[in-house]
Amino acid sequence: MGILNTLIQRTSSLDKSVILPESNDPRIIEAAVLLVEKSVAKPVLCGIPEEIMAAFEKCGKSCSGINIVDINDTELINEFAFLYQKQRPNVSEKVALRLVKKPLIFGGMMVASGRVDAMVAGAASTTADVIQAAALTAGYQKNISKASSFFIMEMPDSKIYFFADCAVNISPDSETLADIGIATASSFKKLMNEKPLVAFLSFSSKGSASHPDVEKVVKAVEIAKDKDPETAYDGEFQVDTAVSETVARKKLKEIGEVAGRANVLIFPDLDAGNIGYKITQYLAGAKAYGPVLQGFAKPVSDLSRGAKPEDIVAVAAITCLLS
Amino acid sequence: MERQEIEKRVKEVVSRILGVDESIITPESRFVEDLGAESVQSLELVAAFEEEFGIEMEEDAALQVKTVGKAVDFINKYLK
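Going down the list, the protein sequences come from chains A and B.
Using this note's numbering, the final residue of the first sequence is 323, and nothing's skipped along the way.
Using this note's numbering, the final residue of the second sequence is 80, and nothing's skipped along the way.
One chain only, chain B, in its complex shape (with noise of 0.2 angstroms):
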């Protein structure tokens, strides 16, 4: 799957999950300062991206990302 692909797919489940305009996520969004999240909503995001692409990531690192576009690129690994 292209970058671009993966990007478009993740700025749509990150709005759908945080109740957001897509048009306000960049790839240097942070989840938490620029975004609103609740660090409650880490879990569910990791869950959708889960979802979204079909694979399934390491929890615990997973959570640790904290911008839209270090998101792309972790999930990037899971599909390569």
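This is chain A alone, in the form it adopts within the complex (with noise of 0.2 angstroms):
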């Protein structure tokens, strides 16, 4: 069985819900009721009622299983505005009210207070829209100040890797490089079950050249150690060394514990990562399943514009897992 099945899975049998603010989108109708279906999550909607039911009958299907909530209640509105107040003190109360009635900001609402495992969000919105509306409710997680995004990459031999940031970040400095890093590892541990081998790569091997541009990676390893010291981060290193362990042994003096066996790689910049995961995709025939988005306190993820009901689906079940 593939991760991605597996994920599914393991996904089913936690009994999560996730919600899906984009409902005027027939894409999402379709998702919710294959969530349903396959018993994946417990598919949530906001909207007004009477037009999400109305998309449901345009598309043929039935919402029985779905939860559809409507945006305009007076006591949930007036919640998430109290709420969203505390957290974010310059804004007014009347602001607040405002914010919290746009679908986005609302779905991550209902995740910030609990009511929700999840969100998922895209469809037909930018992942700048989303990443604002997770970082306005959600906010990010302990010592992580960036949203940043991974790519699960399946090789053919079956060996998982996550690679980041492949999708968001696009010259990332040394705090963002290490908050990628951290929250990657995070994200392995969740999903994987397993120890994270974090490497920070680089066209560098411990000292073997010296620029600027490896000492920004050089300086985000440190950051990474300091802030998260339980978990295995070590760079700079070339990518061969980070994962095969006779180019580790022949390049440098000690392996440690990540160097050629890394399972997550974080890439210095956008061009590395986004080149990098693609190279592997079409070169080497590997499976990738992302960009996932990560480092909020609470889990919400982006769908490509293009995403059929069935990737919505799979995008849900992985970030129901990030919960």
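Because the hints were derived from the structure by calculation, they are not lab data.
Just so you know, not all the hints are guaranteed correct.
[As the list claims (entries may be wrong)] With a cut-off of at most 25 angstroms between alpha-carbon atoms, the simulated DSS-like pairs for lysine-lysine come out as follows: (1) A:K102 <-> B:K77; (2) B:K8 <-> A:K94; (3) B:K77 <-> A:K86.
[Stated by the list, open to error] A short, non-exhaustive set of chain B residues, derived as facing chain A with CB atoms under 8 angstroms: (4) R16; (5) I17; (6) V20; (7) E22; (8) G36; (9) S39; (10) V40; (11) E44; (12) A47; (13) A48; (14) E51.
[What the hints assert, rightly or not] These stretches of chain A come out as covered by chain B in the derived footprint (C-beta under 8 angstroms, 3 or more residues): (15) 65-74; (16) 94-101.
Note that CB positions come from ideal geometry on N, CA and C, so glycine has one too.
Two chains, two separate frames, one set of hints: put the complex together.
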């Protein structure tokens, strides 16, 4: 069984719920129905109930098993505005009331208030909008101040690597790179139930080259170790040093816990990350699942605008496991 | 409403949302680079301007506004 089916099956056993706030999109309606049919997670839709019911009718689908929440429910709106303002005191009560009526913010508040386990959006919104809503509602997880993303890479021999950040941060500084490493280690632990061995990648292995870009990565490793001493972070490594024990033994005096055995690869910038995952996908025949957003205190993820209902189900399953 | 009055109220809103002293805000001030706004605060600024002036703005276009002076121009269009 591939990693995706394994993850979907694991989610099914956990009784999780996920809010899909873009209920005016027919793909969301179909995905909600699939989530119920396959017993993956309990879908929650928010919007104007009459409009959502009409959308089900138009698609010829039943809304049985799907929780529909009225986005104008005064009690909920007031509670969410109160919670929002508590988190972000610079905003007045009236402005908070205005903000929480927006579907993505409403969905984020459903997660932040603990009513649902996760939110998946982006079928009809930009990644930036989803990140903004998640940051304003769920906030960031401990030790993290920036959102990032990861890909699950399933190699032809079934070995799994997590690659980050291949989609969000264009030119991360050392602090952001450390955040990406910490967030990806946390995502790996939750999804794989295995110890993450996190390699920060570069064109240099432990000082084999000298350049400000190398120094940026070295500093990121130091920050990550300092913020999260329980997790195995190391670098800077070239990718061969990170994943091949033979190469690591040749290039390094001491290989430590991560070199040659890394299962989480942190790329120094978006050029490297995006090229790296696509090369692995197209030339090495790996399957790539993602990008999945990470770094938030509660799980929120993004969809590609072209996502099909089956893709939405897969992202929902993965996102639920991050809770 | 006079442009001067709009500018005064825009500055008050910006000062409140971004937590910066009103005295440093000028029409040329850029929200992110000069006033330290985080990108996530742009949605809050738009909602706060809407509440302050009792208007509904086109959100995508409003989020493209980068300076205080341009925000005054943008809001002014809705008040005419």
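Verification of the hints:
Among the hinted pairs, K102 of chain A with K77 of chain B is consistent with the structure: their alpha-carbon atoms are about 23 angstroms apart, no more than 25 angstroms. As the CA atoms of K8 of chain B and K94 of chain A are separated by approximately 20 angstroms, the hinted pair is consistent with the 25 angstroms bound. About 33 angstroms separates the Cα atoms of K77 of chain B and K86 of chain A, which puts this hinted pair outside 25 angstroms; it is violated. With a least beta-carbon distance of about 6 angstroms to chain A, the hint placing R16 of chain B at the interface is held under the 8 angstroms criterion.
With 8 angstroms as the threshold, the beta carbon of I17 of chain B comes within range of chain A, its nearest partner Cβ sitting at about 5 angstroms, so the hint holds. Interface restraint check: V20 of chain B against chain A, minimum CB-CB distance 10 angstroms, threshold 8 angstroms, status violated. Using the Cβ-Cβ criterion of 8 angstroms, the hint placing E22 of chain B at the interface with chain A is not satisfied: the shortest such distance is roughly 14 angstroms. A least Cβ separation of about 13 angstroms between G36 of chain B and chain A goes past the 8 angstroms threshold, and the interface hint is therefore violated.
Annotation: S39 of chain B was flagged as interfacial toward chain A, and the flag holds, the nearest CB pair being 7 angstroms apart, inside 8 angstroms. At a threshold of 8 angstroms, the smallest CB-CB gap from V40 of chain B to chain A is about 4 angstroms, leaving the interface hint in force. Interface hint at E44 of chain B: satisfied, since its Cβ lies 6 angstroms from the closest Cβ of chain A, which is below the 8 angstroms cut-off. For A47 of chain B, the shortest C-beta to C-beta distance to chain A is roughly 5 angstroms, which falls under 8 angstroms, so the interface hint holds.
About 5 angstroms separates the beta-carbon of A48 of chain B from the nearest beta-carbon of chain A, less than 8 angstroms, and the hint is met. Checking E51 of chain B against chain A: minimum C-beta separation of about 5 angstroms stays under 8 angstroms; hint holds. Counting residues of the segment 65-74 of chain A whose beta carbon lies closer than 8 angstroms to any beta carbon of chain B gives 0, which falls short of the minimum of three for the stated coverage. Counting residues of the segment 94-101 of chain A whose CB lies closer than 8 angstroms to any CB of chain B gives 4, which reaches the minimum of 3, so the coverage claim holds.
Violated hints, listed in ascending order, are 3, 6, 7, 8 and 15; each of the other numbered hints is respected by the structure.
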